[in-house]
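Enquirer: Sequence:
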Amino acid sequence: MPSRDFVAGVVAQETDEVYLALVSIYHPDLADLGESFPELDVSGGRLRFVNNTVDIESRGNTFTAYGFDLVLPGQGEGDAGLASITIDNVDQRIALVLRSLTTALDVSVEIVLAADPDTVEMTLPDMRMVSASGDRLQISGDLAVDDDSNEQLVSFSFVPAHAPALF
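First residue of the sequence shown? That's 1 in my numbering, and the numbers climb one at a time after it.
Watch out, some of these pointers could steer you wrong.
[What the hints assert, rightly or not] The following label-pair restraints were derived from C-beta to C-beta distances: (1) D32 with T119: 29 to 37 Å; (2) G67 with A8: 26 to 34 Å; (3) D55 with S3: 18 to 26 Å; (4) T53 with P2: 19 to 27 Å; (5) P164 with D126: 40 to 48 Å; (6) D116 with F68: 15 to 23 Å; (7) P164 with F68: 50 to 58 Å; (8) A163 with D116: 57 to 65 Å; (9) A165 with V7: 52 to 60 Å; (10) L96 with A165: 52 to 60 Å.
To be clear, the hints were calculated from the coordinates, so they are not data collected in a lab. Glycine included, each C-beta is placed from N, C-alpha and C at the ideal position.
Input sequences plus hints: build the corresponding full structure.
Expert: Spelled out as structure tokens, the structure:
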């Protein structure tokens, strides 16, 4: 549940509060890529970033300062169920890492106040990066929540071959 300071800052016309997005990117192959890119901290197969100018320590984890923009679900143009992240591609290693992965990344986003980074004020559901594109300046990705509403309910279809009594 968000703190009183968080809610007061969100609804205020002006605030001194600084909101930070902590982004954790997980993929099982990231731990192996750490050998190829030893300068990246991929402990536990996770990359951790904060949209800040200095690194942040939160709950014992270091989030590396990095330039990115985050659009929360329902706040951007297009599909209301998608979030998006745009990362500055000033370090070409990010593109190399993304190209080397064969399956989707898991992404979690937490919002904290800079004054108290150990208290998570808001958490977005775990998402998957469903698409990514980029150029020499930035990399953009769409983030989607796993949606069971599009999953098949049963393992067979009600067609004449399987259920002739219905037809």
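Enquirer: Which earlier hints turn out false for this structure, listed by number in ascending order?
Expert: Violated: none.
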